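Assemble chain B onto chain A, guided by the hints.
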Amino acid sequence: MTLNDWLQIGFFFLILLILTKPVGLYLYAIYEKKPLPKILGPFEKRVFTLCGINPQEQDWKAYATSLLIFNVLGIFIVFIIESLQPLLPLNPQNLPSVPWDLALNTAVSFVTNTNWQAYSGETTMSYFTQMSALTWQNFLSASTGMTAFLALARGLTRHSTEGDKITLGNFWVDLLRSALYVFLPASILFALILVSQGVIQNFDPALEITTLEGAKQTLAMGPVASQEAIKILGTNGGGFFNANSAHPFENPTPFTNFLQIICFLLIPAGLTYTFGKMAHDKKHGWSIFSVMFFLAISGAFLTTYFESQPNPLLNALPISHDQGNMEGKEVRFGVAGSSLFASLTTDTSCGANNASHDCFTPLGGLVLMTNILLGEIVFGGVGSGLFGMLLYVIISVFLAGLMVGRTPEYLGKKIEGKEVRLIVLYVALYPIIILLGTSASLLSSIGLSSLNNTGPHGLSEVLYAFSSTAQNNGSAFSGLNANTLWYNLFFSFEMFVGRFLPILLGLAIAGSMVRKKAVIASSGTFETKGFLFICLLIGVIITIGALTYFPVLTLGPITEQIFSQIGRTF
Amino acid sequence: MEKRMHQQGILRDVVGLTFKHLNPLYLKNNPVMFVVFIGACLTAAIFLRDYYTNTTSHEPLWFTASISFWLWFTLLFANGAEAIAEGKGKAHASSLKSLAKEIIARRVLDNDREENIPANELRRDDVVRVSAGDFIPSDGEIIEGIAAIDESAITGESAPVIRESDSDRSSVTAGTRVISNALVIRVVSNPGESFLDRMVTLVQGAKRQRTPNEIALEILLIGLTLIFLIVCLTLVPFGLYSGSKLSITVIASLLVCLIPTTIGGLVSAIGISGIERALQKNLLAMSGKAVETAGDIDVLLLDKTGTITLGNRMPVELIPFEGVDINTIAKAAQISSFEDKTPEGKSILEFIQTTYGNFIDDTSFDKIKFIPFSAETRMSGCDIEHVPYRKGACDTILAFVTKLEGSAPSDFKRVVEKIALQGGTPIAISVGNKILGIMHLKDIIKPGIKERFLRLRAMGVRTVMITGDNPLTARTIAEEVGVDTYLAEATPEKKMDFIKAEQAKGFLVAMTGDGTNDAPALAQADLGIAMNSGTLAAKEAANMVDLDSNPTKILEVIEIGKQLLITRGCLTTFSVANDVAKYFAIIPALFIVTIPELSVLNIMGLASPFSAVLSAVIFNALIIVALIPLALRGVKYRPVGAKSLLARSLLIYGVGGVIAPFIGIKLIDMLLAQTGLI
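These protein sequence lines map, in sequence, to chains A and B. Its first residue numbered 0, the first sequence is counted upward by one per residue in numbering that gives the first Met the number 0. Its first residue numbered 0, the second sequence is counted upward by one per residue in numbering that gives the first Met the number 0.
It is worth saying that the hints were derived from the structure and are not from the lab. Please read all numbers here as calculations on a predicted model, not as lab measurements. Warning: the hint list may mix true and false statements.
To be verified - Below 27 Å or equal to it, Euclidean Cα-Cα: the simulated DSSO-like pairs (lysine-lysine) are:
#1 B:Lys493 x A:Lys516
#2 B:Lys504 x A:Lys528
#3 B:Lys417 x B:Lys445
#4 B:Lys417 x B:Lys366
#5 A:Lys516 x B:Lys499
#6 A:Lys215 x A:Lys60
#7 A:Lys413 x B:Lys635
#8 A:Lys276 x B:Lys504
#9 A:Lys281 x A:Lys215
#10 A:Lys413 x B:Lys504
#11 A:Lys417 x B:Lys27
#12 A:Lys20 x A:Lys32
#13 A:Lys282 x B:Lys493
#14 B:Lys642 x A:Lys281
#15 A:Lys37 x A:Lys215
#16 A:Lys33 x A:Lys417
#17 B:Lys288 x A:Lys413
#18 A:Lys282 x A:Lys44
#19 B:Lys504 x A:Lys281
#20 A:Lys516 x B:Lys635
#21 A:Lys44 x A:Lys276
#22 A:Lys516 x B:Lys288
#23 A:Lys417 x A:Lys32
#24 B:Lys345 x A:Lys413
#25 A:Lys276 x B:Lys642
#26 A:Lys282 x B:Lys504
#27 A:Lys44 x A:Lys33
#28 B:Lys368 x B:Lys345
#29 B:Lys642 x A:Lys516
#30 A:Lys528 x B:Lys366
#31 B:Lys445 x B:Lys280
#32 A:Lys417 x B:Lys504
#33 B:Lys665 x A:Lys417
#34 B:Lys449 x B:Lys280
#35 B:Lys288 x B:Lys635
#36 A:Lys281 x A:Lys20
#37 A:Lys417 x B:Lys499
#38 B:Lys642 x A:Lys413
#39 B:Lys635 x A:Lys528
With the rest of the complex left out, here is chain A:
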């Protein structure tokens, strides 16, 4: 690792640390301050009347029902637009309608904030589809993530004395505020910055150009900046082009690269502060932030370290090796810019990529996969990341409570059998759908036929794809041909279940916790802040992740690493 690598990582995390509090304060003001600041309040009221929304508070069941209906409708609409694409405007390339399995996969993908892309944007989706279906869902899926978090956070932090408070807020209000006051203004600002750096924004048909060597090349055009901004800010990750953030029209300069990484971490990081404020315990918020921060720095450091090692199989070639493993990386980002992006895009459920994750060293790839497999809670997706992290906090508190001899309490509320049951389901869900999906694909000839690689790397590719879709990340080890009936349908299932089942479980927990009386802590209560709590939470997250995935990771990336050291290939 060079000095430049160290400086980039250090500077980046410093900026993140500085921005967390202001962003958190803004989010708190938008969601929890009553009344809303200045003009936002009256404006919101008018929108409610216009849309016929009753902004009354909902209990968990009503909240969850609204959320589910809204999102299922979203899948339906995106699917229709994709299918009717040739009949709709803004289709200069005359692209045909998207095949049904791919259309379904893409619809589920964008509604679940996964943004898994089994297609190439420039050759599959018309500008109209990109803007009205995909960009539109980028806003809404990000906002849905925020609503899930808000409902859970309110369930945990609201104080009910006689079990009178059972509501968690209103889904439509939370959704609207997220879209209008958080994502829309931020996206407009960010899009303008991107355009200033060279990201394109037009409705022109693709350009046919002749390169310097005289070859013919098609240069894809389109309204890129508007989609790029929300793709990053909403931790969506679905690129306009197939090459995603490696494409110069999406991510032209090292500066935009840096901004993009900051922007997909901004809201997930800020929310930890918002939560601390909601819980009237800012130190608790900062403790959760510290856990995420530690895991993110560790991942970023390890990825950069492994990628700065040259590929041992290329040792014999007469090339310079001090650059590290540059295969599949953009020269304008280098090892540090690519590793930082890759590690953090897998930490957050963003899933945008500016380099080919498939080409990372086995151990570099192992870190990326681990980031996803930990549960997309290291900052994680907007809202959904902290949502998942809070469930891990509850398990940790449960264990700690047992070890200090008190029935466990979180934020003064007792954690009982009912909550433990729901959380255990949440923790068990991902191993079940990821490992069963991966093994089913490896057993079936249809699943295997999509593999471009055999041996441990093939296993890694399939495992990565299932982890990425189930955990709603959306990035890929691109060696797998995912646009087949088998994978399109299987991944649709993984994305849908991996998104909405946990949300339902979390909301049910919120519904049960909101009724509980909060007890004032005594010296016998375990404090959910400070060094010991941070260590415990990190320990629980890593232990659960490691114990669940150690065997399969051994057969995938670890074996591949051992083989590459001894020069064995497949």
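Just chain B now, kept in the frame of chain A:
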């Protein structure tokens, strides 16, 4: 000799239960051990198949046989742990219970005649008569009479206690002996339904009701088992993809090693022995939940008298008002206390006798009309030739003399307040309409009680002293002994309101009590401990009964409750932490044939793949045995605050849990290598 036979009996029970509980219908209550059971059956079946078909393509016969053998032993060890805990509890309970068995009871029939029947045929609401020398045939309530009773069989305390009808000490326990007088007792329970019988059910694994916290933990264990089941089952296709065909034997071994068998095998034993530890302290818990709740108590209500201070206040000083001769007031004090049968009255008499001598002469008794002490009047005394001699609470005496057109001496208020400020109780003494002076009664604080309160505070428990004293006295004593707060001039209603207010704030409240008027508060409190000497109403309302009738025992109950939770938590952590080493032992062994390079993960340097898997399985079984004593005894609780307690537990059971199996598995592997089989 008898003791040895008894022990042999217990051993037979333990061994019997250990095997009896191999029944799959019983095991399915414990999903973790049920998975072990399936694994043991499968490996046994594979062994039999290989043995009879003589197949050679699989693992060697000895390997399958050893794995199967150790999986069965894992099950037996877990069953054994539960059986030992159950055996201990039962032995304890039945030694208490056996007292009642052989007694012949004199049942009173409707026509007032008596018949002799064996005690175990008595039904609820039967009436029996017992005289001096008789054993009490059944738990009951005295409906007539007063008697001295020797309860040493139960409490181990040799001094007899007084039990009396229509008082707060009207309960008698089966197996105790009447020393003096005779009693008529109403039987309060049917055979098999007494407090002791309920206790015996609590320590029986099969009939035991699981507590809420245990259920929550069990859900977590089921979740972990489910995850590891998926991990192990999907390893088969992953292995196939990588070119290794994994056998059922090794997959079953890996699965059993990974699932939390340590805590799964011991969880029942931990729960039972928690109740058994309570029983050892002569506490009858009405449910397992009661013991567990004890660990969670936030607020502890303690009666001042009997708990914080010795039962009776002692006079320390007699203060005459100006112009009153000390002997005059001493005489008035003595004669007015003569018919005060309360402990205080007795101690006043003793104080006067030893300090000032005797003023009463027996011959003049017929001229004296004695007025005994009563709780309503709050005074006692006598009338001698129509002159009233009175002794009692200051406000009542003042009211009394005012009625006779007397008034308080100029010093009265000052002296009374001074005594109250010192935490004492002022008692006024009057003759006619004149108050002669004040007797200073002092509470004697029980030795060692201050340290106990310090310990409680360290546990995070808030203590509240309940007293009938005025707020001034209450505050002084509260400060002196170090309770957190006090409730002065307490009445049953005030007590109840206090409990409800604390509960509304979300706190769990514990209290002790014995009287019938305590019953509602005992029922309202989250943990109510009734004294065995108390009334039936109090005992029925409580969730624990203390056979020793020792109110300070509530502190020990709290520790037992905490210990119970901590033991579960620590063993769960240990169990999960163990998995790291087991992975490092088994995973390289599984793929050694197709991916020999994975041997870099064999960091323990285990001798061979077979030895690696077998060592992990043996370690997994033996660790259960090794931890049985800890499960029965409980992890030691230290009142040091949550943070350091957690740090300590994480270090010992978390970090220690990671390291220990690396050493254990390596040692077992070395031993196995010595046998030459491997």
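Check each numbered hint against the structure and report the violated ones by number, ascending. 4, 6, 9, 13, 15, 16, 18, 20, 23, 24, 30 and 33
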